[in-house]
Amino acid sequence: MTSRLALLSAAIAATLPLRAAAAVNVVTTVPGLASLAKSVGGDRIRVESLSRGIQDPHFVDANPILAVKLRNADLLVDVGLDLEIGWLPPLVNQSRNAEIQPNGSRRLTAASAVAVLDVPTGPVDRSLGDLHPGGNPHFLTDPRRAGQVAAAIAAKLTQLDPGGQGYYAQQLAEFQKRLAADEARWQGVLAAVKGRKVFERHRTLVYFFDWSGIVDGGELEPRPGVPPPPAHLAELVERARREGVKAILVENYFDSRSADVVAQHSGAKVVLIPGDVGGEPGARDYESYMDIVVSRIAGALR
Amino acid sequence: MKARFIAGALAALAAAAAAAQQVAPPAAGSAPGTAAAAQPSPNAAAPVGSSAPARPLTPSDEAERRKLEEQIAKELGAPAPGSAAQPPAAGPGTGAALAPQAAPGQGTTGGNPYARLLLLPDISAIGDFALAYDGYDVPQSSPRPDLYGRPNTPTPLFQELELALQSVVDPYARADVFISFHPDGVDVEEAYLTTLSLPAGLQVRAGKFFSPFGRLEQQHPHVWDFVDAPLAATRVVAGDVLSGPGVDVAWLAPLPWFAELHLAGQDTAPATPLDPGASAAGDRLTGIARLVQFFPAGEATTVGVGLSAAVRGEGAGGLRDLGGVDLYARIRPPETRAYLALQGELYGRRFTGMPGGSAWGTYAQAFWRQSPYWGYGVRYDRAPAAGDSAPGTEQRASAVASWFLSEFQRVRLQATWDRRPGGKDALEALLHLEFGIGAHGAHPF
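Residue numbers (our numbering), protein chains in the order written: chain A, 1 to 302; chain B, 1 to 445.
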């Protein structure tokens with residue numbers, strides 16, 4: 001009887017996915033996080049993003065095929081702050097992977113590693129639009145915060161794969177060194193346009209403004225997720241003229257029509273930027289993505 | 001009473017003191033983001049090298065630990081590790097991953113900590129209302145569960161108010177409760193527990209739930225692209241949705257695509273005089289099996305195929321055999337929010353050991369979500385005619401236009417041309433309003 005039970009449990013155990021067999025299998029919700037994970041995980045990890053840089057990360061389909069990717073994930077890194085609320089929870093439920101549930105040992109919510117902006121302080125309801133009640137989740141456009149997220153990923157990887165401690169520490173140090181050099185270069189490019197005012201489509205660049213010194217003139221959306229009515233756009237045209245707004249920044253997954261209209265009437269330029277790593281062909285990793293964002297915005301404001 | 005008040009006040013003071021400590025500026029020279037951590041958290045942006053140097057685990061260490069684990073399991077009289085559900089091991093400090101930490105002048109690390117302190121489940125209400133116009137007497141000539149008006153008279157209808165309560169229960173399971181308020185009263189539409197931590201790809205639902213049969217039948221009406229259900233579901237499968245208390249075991253096969261096998265046992269009660277086997281009243285045991293698969297087909301397309309079968313005891317040796325095939329394809333280029341969804345189902349039924357014979361019905365539909373704000377659909381459905389209609393097939397062709405004012409409100413206009421046997425044609429029209437308030441869990445694909 002006992003031997004039969006042992007045999008049965010062995011058979012069941014054999015069907016379980018083998019963990020830590022080779023590389024640590026990391027799944028991230030967005031490609032920016034995947035790039036950061038790759039930077040610190042190197043050859044010790046395999047990494048895949050559930051969404052792509054050409055997608056609006058708020059509106060990814062909860063496609064069950066993505067649940068299959070989560071089933072064998074050794075680590076799930078999500079942004080948090082309800083960015084993925086419309087699609088990640090059902091996938092995590094379907095995955096059967098107990099440890100990637102919120103607060104699970106194989107879940108890292110990147111927002112927990114950074115200082116969050118736009119945290120509402122007063123009462124919140126949806127008359128304010130489709131806002132994120134926990135704060136603004138678009139923090140990867142700030143390289144300082146990206147560095148903090150990379151450090152958190154390295155710490156988590158070390159916890160899950162203690163054998164790689166030295167490796168992760170070294171990779172992280174190298175990445176942070178590169179990032180520091182990048183930052184100095186980017187700040188150099190931006191130095192000439194600091195203090196200039198821009199509009200953005202959605203509140204996606206608050207952290208970029210915080211880091212770069214470019215001034216946030218407001219959004220085309222009157223409220224998050226609410227399409228701009230003509231009256232609002234007309235007001236923006238006037239403000240753009242009055243306040244000398246030179247650029248309207250739009251992630252390339254958004255419809256740029258309202259931006260085009262404001263640009264046409266105000267003389268500002270519409271600047272299409274990739275929404276994330278992979279958002280356009282040149283944005284291969286976090287650094288080249290930020291290269292594009294920085295140079296394009298600086299170029300438009302010069 | 002007084003003592004308790006004082007104790008409470010003291011606790012509050014202590015908490016405030018602790019909070020004050022946490023938001024204190026970091027000590028000079030410490031790395032940003034690490035200083036304010038009252039307790040070490042792996043999620044803090046701590047430099048990796050700074051933790052106590054631990055000897056890397058070797059494979060032999062691993063084997064030794066497993067042995068010890070087995071030894072401990074034996075001593076505790078528990079099954080060997082890996083053979084049964086284990087609580088998800090929380091790593092040190094992960095539970096309080098969102099503890100507030102401050103970096104100077106930059107807000108609160110981890111966002112609003114209070115949002116997570118609320119232990120309330122997600123609570124939401126979804127309201128559905130319609131204005132119906134029917135060019136004939138629907139309950140007489142084409143009986144169906146709901147959404148019809150008085151003949152030739154525009155009729156305002158209250159369809160349903162769904163109250164949803166959803167939350168994890170503990171680290172092992174989550175619970176979803178849906179209470180339906182409708183013109184006939186109140187029902188617990190669904191209330192079930194779903195396991196989160198079973199091994200071997202298994203997931204169990206237990207409670208009261210919609211049977212895992214077909215695609216449309218498992219969805220709540222507010223998920224449908226069309227305002228009403230195709231006739232086939234109610235005429236062929238069950239008078240109302242197939243549902244009831246029971247257990248559903250779902251196995252996610254270890255394959256590179258999504259393949260899930262459901263085996264469920266439920267006591268189902270069609271519970272309406274419209275049921276095709278209405279003569280056999282009462283709750284009856286029902287066995288259901290379903291295999292549902294989703295495949296990627298290129299970058300933009302996902303194809304889903306489902307096969308369902310069910311057997312329901314009808315009393316006195318009679319059986320209701322049900323079968324269904326459902327197809328779903330969604331074509332959505334990843335860079336847009338527009339998509340085309342194609343969906344069709346075929347249902348078949350046979351009564352054995354009792355009168356009733358066999359029947360089949362089907363529907364096919366296409367829905368084009370043109371933009372975040374607009375969507376359009378067409379549908380064809382056919383099913384055995386019912387009521388005072390001549391025996392034969394009833395066919396309908398429908399078109400719907402949806403206006404999504406936001407993610408939480410939509411207005412739909414649906415027009416249907418209904419053809420009953422004997423060339424009896426009529427128009428059905430529905431103007432439908434739907435809103436959702438509160439936090440409603442995202443729906444599966």
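Accuracy of the hints is not assured; some may be wrong.
From the structure, some residues in chain A lie toward chain B, with a derived Cβ separation under 7 Å [stated by the list, open to error]: (1) Ile65; (2) Lys69; (3) Val116; (4) Val237.
Pair by pair, the computed Cβ-Cβ distance ranges are [to be verified]: (5) B:Pro154 <-> A:Ile85: 33 to 41 Å; (6) B:Ala253 <-> A:Gly213: 51 to 59 Å; (7) A:Pro281 <-> B:Pro256: 22 to 30 Å; (8) A:Ile292 <-> B:Ser371: 50 to 58 Å; (9) B:Pro296 <-> A:Gly282: 20 to 28 Å; (10) B:Ala297 <-> A:Asn72: 17 to 25 Å; (11) B:Pro333 <-> A:Glu238: 32 to 40 Å; (12) B:Ala338 <-> A:Asp260: 45 to 53 Å; (13) B:Ala175 <-> A:Val215: 31 to 39 Å; (14) B:Pro154 <-> A:Lys269: 48 to 56 Å; (15) A:Pro281 <-> B:Phe295: 23 to 31 Å; (16) A:Lys177 <-> B:Val169: 42 to 50 Å.
One-sided and incomplete, this derived list gives chain B residues near chain A with beta-carbon spacing under 10 Å [what the hints assert, rightly or not]: (17) Phe181; (18) Leu196; (19) Gly201; (20) Leu202; (21) Leu255; (22) Leu285; (23) Ala289; (24) Gln293; (25) Thr302; (26) Val305; (27) Arg332; (28) Glu335; (29) Thr336; (30) Phe408.
If you are wondering where the hints come from, they were derived from the structure by calculation, not from laboratory data.
For each residue, glycine too, the CB sits at the ideal point set by N, CA and C.
Against the structure, the hints come out as follows:
no.: 1; hint: Ile65; result: holds, 5 Å
no.: 2; hint: Lys69; result: violated, 10 Å
no.: 3; hint: Val116; result: holds, 4 Å
no.: 4; hint: Val237; result: violated, 23 Å
no.: 5; hint: B:Pro154 <-> A:Ile85: 33 to 41 Å; result: holds, 39 Å
no.: 6; hint: B:Ala253 <-> A:Gly213: 51 to 59 Å; result: holds, 53 Å
no.: 7; hint: A:Pro281 <-> B:Pro256: 22 to 30 Å; result: holds, 27 Å
no.: 8; hint: A:Ile292 <-> B:Ser371: 50 to 58 Å; result: violated, 27 Å
no.: 9; hint: B:Pro296 <-> A:Gly282: 20 to 28 Å; result: holds, 26 Å
no.: 10; hint: B:Ala297 <-> A:Asn72: 17 to 25 Å; result: holds, 22 Å
no.: 11; hint: B:Pro333 <-> A:Glu238: 32 to 40 Å; result: holds, 36 Å
no.: 12; hint: B:Ala338 <-> A:Asp260: 45 to 53 Å; result: violated, 19 Å
no.: 13; hint: B:Ala175 <-> A:Val215: 31 to 39 Å; result: violated, 48 Å
no.: 14; hint: B:Pro154 <-> A:Lys269: 48 to 56 Å; result: holds, 52 Å
no.: 15; hint: A:Pro281 <-> B:Phe295: 23 to 31 Å; result: holds, 27 Å
no.: 16; hint: A:Lys177 <-> B:Val169: 42 to 50 Å; result: holds, 46 Å
no.: 17; hint: Phe181; result: violated, 22 Å
no.: 18; hint: Leu196; result: holds, 6 Å
no.: 19; hint: Gly201; result: holds, 5 Å
no.: 20; hint: Leu202; result: holds, 7 Å
no.: 21; hint: Leu255; result: holds, 8 Å
no.: 22; hint: Leu285; result: violated, 28 Å
no.: 23; hint: Ala289; result: violated, 19 Å
no.: 24; hint: Gln293; result: holds, 9 Å
no.: 25; hint: Thr302; result: holds, 5 Å
no.: 26; hint: Val305; result: violated, 12 Å
no.: 27; hint: Arg332; result: holds, 7 Å
no.: 28; hint: Glu335; result: holds, 4 Å
no.: 29; hint: Thr336; result: holds, 8 Å
no.: 30; hint: Phe408; result: holds, 6 Å
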